[in-house]
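Protein sequences appear in the order of chains A and B. So the first sequence is numbered by our numbering: it starts at 1 and just counts up by one. So the second sequence is numbered by our numbering: it starts at 1 and just counts up by one.
The set of hints was computed from the structure by calculation and includes no laboratory data. Because the structure is a prediction, the values reported are computed rather than measured. Glycine included, each C-beta is placed from N, C-alpha and C at the ideal position. One or more of the hints may lead you astray.
[To be verified] Chain B side only, calculated, beta carbon under 10 Å to chain A, not exhaustive: (1) Thr18; (2) Trp20; (3) Tyr24; (4) Glu25; (5) Ile28; (6) Leu30; (7) Glu44; (8) Ile48; (9) Arg54; (10) Ser72; (11) Ala74; (12) Ile76.
[To be verified] Only pairs whose alpha carbons sit at most 20 Å apart, straight line, appear in this in silico EDC-like list of lysine to aspartate or glutamate: (13) A:Lys18 x B:Asp100; (14) B:Lys105 x B:Asp22; (15) B:Lys45 x B:Asp73; (16) A:Lys401 x A:Asp30; (17) A:Lys242 x A:Glu317; (18) B:Lys49 x B:Asp19; (19) B:Lys105 x B:Asp19; (20) B:Lys49 x A:Asp190; (21) A:Lys331 x B:Glu25; (22) A:Lys331 x A:Glu72; (23) B:Lys4 x B:Asp100; (24) A:Lys9 x A:Asp190; (25) A:Lys242 x A:Glu12; (26) A:Lys293 x B:Glu29; (27) A:Lys331 x A:Glu342; (28) A:Lys401 x B:Asp100; (29) A:Lys305 x A:Asp6; (30) B:Lys32 x A:Glu342.
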Amino acid sequence: MELYNDIEKIREQFPALKQRVNNRELVYFDNGATAQKPVGVINLLNEMNSGVNGNIHRAVHELSARSTILYEGARDAVKSFINAGDRGEIIFTSGTTASINLVANSFTSTFINKGDVILLTEAEHHSNLVPWQMACSRSGAELRFLPVDEQGNWRMDLLDELLDKRVKLVSVAQISNVLGIINPVKQLIDKAHSAGAKVLIDGAQGIVHTRVDVKELDCDFYVFSGHKLYGPTGTGILYGKKNLLEEMVPWMGGGDMVGTVSLEKFSFAELPLKFEAGTPNFIGAAALGEAIKFMNSIDKGFAEKHEKEVESYILGELSRIDGIRIYGLGKNKIPLFSFNIEGIHPSDLAILLNKMGVAVRSGMMCCEPLMNRYGVTGMVRASLAVYNTMKEAEIFIESIKRGVRMLS
Amino acid sequence: MTIKEVEQQIVEEFSIFTDWLDKYEYIIELGKSLPIINEKGKDEKNLIKGCQSRVWLAADYIDGKIFFTADSDAIITKGIISLLVRVFSGRTPQEIIDADLLFIKEIGLEENLSPTRANGLLSMIRQIKFYAVAFAANKNS
């Protein structure tokens with residue numbers, strides 16, 4: 001298969017990018033929140049909703065057989081995409097949040113006891129914080145936090161001290177949705193394992209911008225959402241090591257997760273179905289398989305080089321703006337920029353950018369503790385995807401300058 | 001002037017703007033020129049928290065009329081607040097309860113009041129109406 005190494009060819013596959021917003025060509029720089037969908041994903045969703053709609057795993061009829069093939073095919077695609085060892089290790093969920101909640105319930109109830117510690121960082125998204133706060137209040141475990149420095153880098157120098165014998169689980173983002181730095185997860189995983197702790201990697205941003213190999217990382221869990229990876233909303237993945245998933249008790253019961261059921265008791269189904277109670281979003285999951293096909297169709301070397309060029313351009317231009325503070329500066333950065341400009345409220349700037357056709361995020365970005373860490377009530381965030389162009393980056397920079405002129 | 005008349009006046013002021021740029025520049029000017037709450041009023045009690053921006057709203061009930069002072073940390077929000085204060089402040093509770101605020105739509109700023117904006121403006125209007133209902137109930141009791 002010939003790989004795409006031309007931005008225009010990549011963009012052509014995304015109908016949403018062709019629209020105008022507020023009488024201008026849309027510049028979509030809110031990909032950290034959700035990415036647009038390629039035609040392959042859209043077409044499969046339409047096809048399945050208008051034809052191939054039979055409930056999976058249940059019936060002998062043709063429609064059920066066809067959706068089951070598409071659903072399980074997507075599982076295989078995900079397995080290869082992250083290089084998992086076994087298809088039983090790939091659990092479909094509704095997104096990163098659901099995946100983390102699954103682990104926060106099932107792993108905690110099986111492996112975490114009163115007095116144990118769960119280690120996070122202070123830069124986690126609410127969805128990798130609140131489920132653990134809830135788990136701690138159920139189990140009597142405690143939370144502990146690895147700090148980040150002023151630039152947003154993990155304080156690896158403090159890790160050894162924090163990783164004592166009480167730590168049973170470490171749950172961290174590979175790339176923070178605010179800071180955009182590729183964190184040294186491999187180093188952390190190795191240290192955590194030496195200390196006897198398991199590790200969950202929140203890959204919501206990481207899966208989009210890095211090449212993930214769960215065997216090489218050796219993480220115990222890796223979770224991500226479909227919708228940030230050019231797939232449908234309401235889809236997500238929990239990868240877990242087979243031996244752990246086999247020991248964990250599901251937190252949801254229902255159809256499809258059982259072996260045999262009598263009025264008194266039941267037995268679990270084999271992995272992965274054990275954790276997929278009820279009718280899943282099988283159409284979405286199948287279309288996530290298409291999103292992975294899209295990811296596989298891109299020349300990765302080209303995409304990484306292109307992202308790097310746009311990233312250094314934006315970083316250079318932003319740095320020259322008077323009074324700007326960029327949060328998250330590190331060696332390995334993805335094209336995601338959170339910032340504040342002195343005297344300018346983030347929501348004001350975002351409103352004006354929207355009027356200029358530029359979509360960015362503003363506010364706390366579901367990271368209130370990190371906002372407090374930096375002493376701000378919000379930030380502006382521009383987050384790019386593989387289809388964003390240098391021309392869009394220039395429009396973005398010009399629009400910021402214009403917005404700043406209006407507001408100062 | 002009645003609330004409707006003030007609203008009409010604002011609609012006329014905005015009718016001269018032909019594009020969004022002029023309109024927002026005007027709102028930014030309104031926001032900048034109005035220190036509409038004193039520091040004392042910017043306390044936790046008067047704070048309406050949104051994800052995007054924060055709004056403070058204080059109300060005083062004097063001789064049957066409600067006087068509002070308000071502020072925000074975001075200048076566009078503050079500009080729109082100053083329009084709301086102009087419409088609502090110095091009115092009787094009943095006038096406030098009856099106001100429909102159609103002028104916001106007419107001047108093309110309704111997007112800023114949508115629940116998706118989370119900028120505290122929608123909550124501020126709810127709070128203004130709530131004060132009116134509360135003061136009206138107080139008066140009648």
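* Please write out, lowest number first, the hints stated earlier that are contradicted by the structure. => 1, 6, 7, 8, 13, 17, 18, 20, 21, 22, 24, 25, 26, 27, 28
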